[in-house]
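Chains as they are written, first to last, in UniProt numbering: chain A, 1 to 334; chain C, 1 to 160; chain E, 1 to 483.
A couple of the hints might just be wrong.
Pairs of lysine-lysine residues, derived as DSSO-like cross-links and limited to a Cα-Cα distance of at most 27 Å, are as follows [what the hints assert, rightly or not]: (1) Lys297/E to Lys351/E; (2) Lys147/E to Lys132/E; (3) Lys482/E to Lys186/E; (4) Lys134/C to Lys387/E; (5) Lys80/C to Lys482/E; (6) Lys387/E to Lys89/A; (7) Lys297/E to Lys235/E; (8) Lys14/A to Lys80/C; (9) Lys460/E to Lys235/E; (10) Lys89/A to Lys365/E; (11) Lys215/A to Lys144/C; (12) Lys387/E to Lys144/C; (13) Lys14/A to Lys144/C; (14) Lys474/E to Lys144/C; (15) Lys111/C to Lys482/E; (16) Lys129/C to Lys482/E; (17) Lys186/E to Lys390/E; (18) Lys45/A to Lys11/C; (19) Lys144/C to Lys365/E; (20) Lys474/E to Lys129/C; (21) Lys159/A to Lys351/E; (22) Lys147/E to Lys154/A; (23) Lys482/E to Lys134/C; (24) Lys154/A to Lys129/C; (25) Lys365/E to Lys344/E; (26) Lys154/A to Lys80/C; (27) Lys80/C to Lys11/C; (28) Lys297/E to Lys89/A; (29) Lys215/A to Lys11/C; (30) Lys111/C to Lys215/A.
Short derived list, chain E residues pointing at chain A, Cβ under 8 Å [what the hints assert, rightly or not]: (31) Lys132; (32) Lys348; (33) Asn352; (34) Pro353; (35) Phe376; (36) Arg377; (37) Gln380; (38) Asn381; (39) Gln384.
No wet-lab data here; the hints were simulated from the structure. A quick note: this is a predicted structure, and the numbers were derived from the prediction, not measured. Positions of the beta carbon are idealized from the N, C-alpha and C atoms, including for glycine.
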Amino acid sequence: MGLLELQQNLVGHKGRVWNVCWHPSGESIASCGEDKTIRIWTHDKSKWVIKTILTEAHTRTIREVSWSPCGNYIASASFDATVAIWDQKSGQFECNTTLEGHENEVKSVSWSVCGNYLATCSRDKSVWVWGMGVDEYECEDVINAHTQDVKKVKWHPDKLILASASYDDTVKIFDMEQHTNHWICASSLVSHTSTVWSLSFDRTGDRLVTCSDDKTLKIWQEYKPGNEVGIPTPDNEPIWKCVCTLSGYHSRTIYDVDWCKKTGLIVTACGDDIIRVFREEGDSDIHQPTFSLVCSMDNAHTQDVNCSQWNPCIPGLIVSASDDGTVKVWTYSD
Amino acid sequence: MNKVLENPNPKIYPKLEEKLGTDTECENIIRNTNEFDARGIFELLRNINDPEHPLTLEQLNVIEQNLIEVDNENNEINVKFTPTIPHCSMATLIGLSIRTQLLRTIPGRFKVSVTINPGTHIAEIAVNKQLADKERVAAALENKFLLTVIDQCLENTVQS
Amino acid sequence: MASRFSGALQLTNLDDFIIPSQECIKPVEIQKIKNKVGSKIKVEDDGSYVEMTQDGPLTKLQKVEITLSDCLACSGCITSAESVLVTQQSQEELLKVFQEKIENLQHSKDNVKFIVVSLSIQPILSLAERYKLTAKDAALKLSGFFKSMGADMVLDMSVADDFSLLESAKEFVERYKCSKEGLNNKLPMLACSCPGWVCYAEKTHGNFILPYLSKTKSPQQIMGSLVKYHLASSKGLSPEQVYHITLMPCYDKKLEASREDFYNSLKKTRDVDCVITAIELEQMLTQQEKNLEDFDKGEIEKPFQVPEQLTDVLLGHQGSGSGGYADFIFHYAAKHLFEESDAKLEYKSLKNPDFQEAVLERNGKVILRFAIANGFRNIQNLVQKLKRGKSPYDYVEVMACPMGCLNGGAQIRSQDGMQPRELASKLEIEYHKLPKSDPKQNMLLKHLYDVWLEGENSEKASAFLQTEYHEIEKMNTAISIKW
Numbered sequence: 001m002g003l004l005e006l007q008q009n010l011v012g013h014k015g016r017v018w019n020v021c022w023h024p025s026g027e028s029i030a031s032c033g034e035d036k037t038i039r040i041w042t043h044d045k046s047k048w049v050i051k052t053i054l055t056e057a058h059t060r061t062i063r064e065v066s067w068s069p070c071g072n073y074i075a076s077a078s079f080d081a082t083v084a085i086w087d088q089k090s091g092q093f094e095c096n097t098t099l100e101g102h103e104n105e106v107k108s109v110s111w112s113v114c115g116n117y118l119a120t121c122s123r124d125k126s127v128w129v130w131g132m133g134v135d136e137y138e139c140e141d142v143i144n145a146h147t148q149d150v151k152k153v154k155w156h157p158d159k160l161i162l163a164s165a166s167y168d169d170t171v172k173i174f175d176m177e178q179h180t181n182h183w184i185c186a187s188s189l190v191s192h193t194s195t196v197w198s199l200s201f202d203r204t205g206d207r208l209v210t211c212s213d214d215k216t217l218k219i220w221q222e223y224k225p226g227n228e229v230g231i232p233t234p235d236n237e238p239i240w241k242c243v244c245t246l247s248g249y250h251s252r253t254i255y256d257v258d259w260c261k262k263t264g265l266i267v268t269a270c271g272d273d274i275i276r277v278f279r280e281e282g283d284s285d286i287h288q289p290t291f292s293l294v295c296s297m298d299n300a301h302t303q304d305v306n307c308s309q310w311n312p313c314i315p316g317l318i319v320s321a322s323d324d325g326t327v328k329v330w331t332y333s334d
Numbered sequence: 001m002n003k004v005l006e007n008p009n010p011k012i013y014p015k016l017e018e019k020l021g022t023d024t025e026c027e028n029i030i031r032n033t034n035e036f037d038a039r040g041i042f043e044l045l046r047n048i049n050d051p052e053h054p055l056t057l058e059q060l061n062v063i064e065q066n067l068i069e070v071d072n073e074n075n076e077i078n079v080k081f082t083p084t085i086p087h088c089s090m091a092t093l094i095g096l097s098i099r100t101q102l103l104r105t106i107p108g109r110f111k112v113s114v115t116i117n118p119g120t121h122i123a124e125i126a127v128n129k130q131l132a133d134k135e136r137v138a139a140a141l142e143n144k145f146l147l148t149v150i151d152q153c154l155e156n157t158v159q160s
Numbered sequence: 001m002a003s004r005f006s007g008a009l010q011l012t013n014l015d016d017f018i019i020p021s022q023e024c025i026k027p028v029e030i031q032k033i034k035n036k037v038g039s040k041i042k043v044e045d046d047g048s049y050v051e052m053t054q055d056g057p058l059t060k061l062q063k064v065e066i067t068l069s070d071c072l073a074c075s076g077c078i079t080s081a082e083s084v085l086v087t088q089q090s091q092e093e094l095l096k097v098f099q100e101k102i103e104n105l106q107h108s109k110d111n112v113k114f115i116v117v118s119l120s121i122q123p124i125l126s127l128a129e130r131y132k133l134t135a136k137d138a139a140l141k142l143s144g145f146f147k148s149m150g151a152d153m154v155l156d157m158s159v160a161d162d163f164s165l166l167e168s169a170k171e172f173v174e175r176y177k178c179s180k181e182g183l184n185n186k187l188p189m190l191a192c193s194c195p196g197w198v199c200y201a202e203k204t205h206g207n208f209i210l211p212y213l214s215k216t217k218s219p220q221q222i223m224g225s226l227v228k229y230h231l232a233s234s235k236g237l238s239p240e241q242v243y244h245i246t247l248m249p250c251y252d253k254k255l256e257a258s259r260e261d262f263y264n265s266l267k268k269t270r271d272v273d274c275v276i277t278a279i280e281l282e283q284m285l286t287q288q289e290k291n292l293e294d295f296d297k298g299e300i301e302k303p304f305q306v307p308e309q310l311t312d313v314l315l316g317h318q319g320s321g322s323g324g325y326a327d328f329i330f331h332y333a334a335k336h337l338f339e340e341s342d343a344k345l346e347y348k349s350l351k352n353p354d355f356q357e358a359v360l361e362r363n364g365k366v367i368l369r370f371a372i373a374n375g376f377r378n379i380q381n382l383v384q385k386l387k388r389g390k391s392p393y394d395y396v397e398v399m400a401c402p403m404g405c406l407n408g409g410a411q412i413r414s415q416d417g418m419q420p421r422e423l424a425s426k427l428e429i430e431y432h433k434l435p436k437s438d439p440k441q442n443m444l445l446k447h448l449y450d451v452w453l454e455g456e457n458s459e460k461a462s463a464f465l466q467t468e469y470h471e472i473e474k475m476n477t478a479i480s481i482k483w
């Protein structure tokens, strides 16, 4: 069994912390929550310390923060129906752009790997793709594919492919149609029996892990046309198949999941206050993979864990956020 | 096309006031935050006003003590409520009031669930799913119009 | 089922596709009787509700009717409309009206409706493609079809199209001049023949955007005025004695026809009584196990025709398949504002093929900047640009559907898996093959301005050719708030 050790408890937010995000360098953390602030924490010698508190861009809860791949921008999604883009051209983070258009709460925001696109999603059921125009962000498309509240959007680790998870119990995969620049739903992943809260691609982008209110994790594998195993691909489009369901481990809603691009480990954040780590078995068949629970940290927080993310550079480093108002940094070791 | 939106004349049930303890006893229930029981929770909820009638959830039999479960060991509280009519359009609002009252009075360590008494509402599954979604609940409680209504529903309840 | 509404209406509050009886938030006044305890509501076998009081007698509770107008005036889900439409502007309603007419005729009653059908060009092209007919034959067969059911007259809409274009162009020139005199909120003028866009603007952006909307009625509603207030009287009929059906490319047009602005409360009649779409017409034919080909060709009447001008059965316009607004107004403005009588119009696509821009230059300077913005994403960018004061445009032809009206939400989908855009491009080619009408040369308009409207720019002309828009405030009663 692996071991999860608390490195530091970051206190400061007032009320529920919804989300945390590592800087692409792995050296800073941005967190956000009910108190309408974004807090940026940096590593100073041996400790994480608060560096900046960003306020006043949002009038309601900040649901999610996301660093741009270059690390120079932060995008924040808020229940106030807007997305704020923060830059540090003046040396300090300032909000100079606000993306408006969603009808109500924006739940998630994600930068494409090239940094040229942003995706957002909302309770208004739509997913929006924004592109960097001449001097401002423009709406590239509004995708009405889900029938309910959309909880999460995430880009593929290296392609212009977008995935979204929804209250309608599905996950959908989108890509851009070349001549029209419309984003088309290429695949609808149906298997969860309740809200899908979050998702994460593996390092290759050929696999996805999703987590749900149905208390399960699901692993999905993409099969391209002409795949060796003979999985049919109608219309010559890749299809995604659920190849593994991890049930019986979580006792409540799983709010977040992250697939480590370095180690292949999966970490989950659950409403039962526990942080869990899963590892793929060494002899796992890609078409029927097996995962085992290698660590389960009881009472990782005193309330629901809302978010858990692997550090992008340092293997085994995890940051988590909770309803208990804290952000915690953990070290996982085998 | 045709519809009756509300329940204009609901059945009214007698209050259980006499059967419960004195005011001091009620206060003790609230103050003793380590242990809860169904009666204590009932006490927190009984005086929630119905959004459309000048009546309490107790009087309307929406809340009943025997539909409240408390598990102190596992920090779980489950409340089932019975809408006055099976197509009551106020069901989610009533559920939200109950949830909000518990959010405000019960320590955060408790996992609270508020659900419709099975078989008593046509949209039971949808309402339960919405009430269980803490993100939707949190967003709803930031809506000042909705909050005004909730606060009206909760004005006569025991506050923490 | 794919939505037949435009994308703009599919956004959240605007389109929920829910059944009104379950989720409608229209507040209903209930007369409460005080001090009555213990009454019960009982559901009868027929689904109605009765109230049982202690005294015994059962009182049937009043049912609440929700009309499409209620939906339009409400900031909730527009479109519970889907199911409201189904009853109020449906094939069934249409069949009922025809049936009634036939029965009334048989019993020689005197309240027999005079039924007029107006055909817009986009669904004709859609049906022509579907049934492998030429556009002209499709129109004639459609006439045959409607007449076989009991229609008295089947009309094409080119006269209304021309009115709408000419009035829009005049409005633009007027606004442009006002704007140069320093008046605010005149430009850009935004086209308003698309009811999906109008609905979205009224519900979501309200008073900020409304001043920019063109006041000129859409062709459907001009046709409505023409049929109910000119054709009717020329036949010695009162407006309510005429039942007016239009054939349209999208469901949104049903919303337009249902607006209060187009309802005569005195006569209790709408300018357009029922909107039927290409896709519904196909269904009607399928239900009758008929092909459009099977019907005899009927006549497309030209009741407004002036003798010295004989026109083709069907006419198109230069420019977009949505009616060519940007094109016509551009040329008209070039001529009337800058004396450029052969201004060259070249579109270039910007972000995507549904956002096109064209400019008129003089001495290297842009003097007119026009755009066509189709589809919701481009509407978004346009509105956001306007909000930030960064819109460079003088006029924008705005349509809620990508590719505009030829790709309307209720056009018939391809039978052999062709993509909607590809199909719409095919229809566009057919559209441009049609003989073209030039509103400026149309003698009929001049004639109608004289005999019907008491001249151009008259009060009557603005009453029949212009409309207004209204902000719809968000309702914030507890029950109306969706969370």
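Right, here's what the structure says about each hint:
| no. | hint | in the structure |
| --- | --- | --- |
| 1 | Lys297/E to Lys351/E | violated, 45 Å |
| 2 | Lys147/E to Lys132/E | holds, 21 Å |
| 3 | Lys482/E to Lys186/E | violated, 36 Å |
| 4 | Lys134/C to Lys387/E | violated, 34 Å |
| 5 | Lys80/C to Lys482/E | holds, 22 Å |
| 6 | Lys387/E to Lys89/A | holds, 25 Å |
| 7 | Lys297/E to Lys235/E | holds, 24 Å |
| 8 | Lys14/A to Lys80/C | violated, 31 Å |
| 9 | Lys460/E to Lys235/E | holds, 20 Å |
| 10 | Lys89/A to Lys365/E | violated, 34 Å |
| 11 | Lys215/A to Lys144/C | violated, 32 Å |
| 12 | Lys387/E to Lys144/C | holds, 26 Å |
| 13 | Lys14/A to Lys144/C | holds, 20 Å |
| 14 | Lys474/E to Lys144/C | holds, 14 Å |
| 15 | Lys111/C to Lys482/E | holds, 25 Å |
| 16 | Lys129/C to Lys482/E | holds, 14 Å |
| 17 | Lys186/E to Lys390/E | holds, 15 Å |
| 18 | Lys45/A to Lys11/C | violated, 68 Å |
| 19 | Lys144/C to Lys365/E | violated, 51 Å |
| 20 | Lys474/E to Lys129/C | holds, 26 Å |
| 21 | Lys159/A to Lys351/E | holds, 21 Å |
| 22 | Lys147/E to Lys154/A | violated, 56 Å |
| 23 | Lys482/E to Lys134/C | holds, 15 Å |
| 24 | Lys154/A to Lys129/C | holds, 24 Å |
| 25 | Lys365/E to Lys344/E | holds, 15 Å |
| 26 | Lys154/A to Lys80/C | violated, 36 Å |
| 27 | Lys80/C to Lys11/C | holds, 19 Å |
| 28 | Lys297/E to Lys89/A | violated, 70 Å |
| 29 | Lys215/A to Lys11/C | violated, 39 Å |
| 30 | Lys111/C to Lys215/A | holds, 15 Å |
| 31 | Lys132 | violated, 26 Å |
| 32 | Lys348 | violated, 15 Å |
| 33 | Asn352 | holds, 4 Å |
| 34 | Pro353 | holds, 6 Å |
| 35 | Phe376 | holds, 5 Å |
| 36 | Arg377 | holds, 5 Å |
| 37 | Gln380 | holds, 4 Å |
| 38 | Asn381 | holds, 5 Å |
| 39 | Gln384 | holds, 6 Å |
This entry does not satisfy hints 1, 3, 4, 8, 10, 11, 18, 19, 22, 26, 28, 29, 31, 32, going by the numbered hints stated previously.
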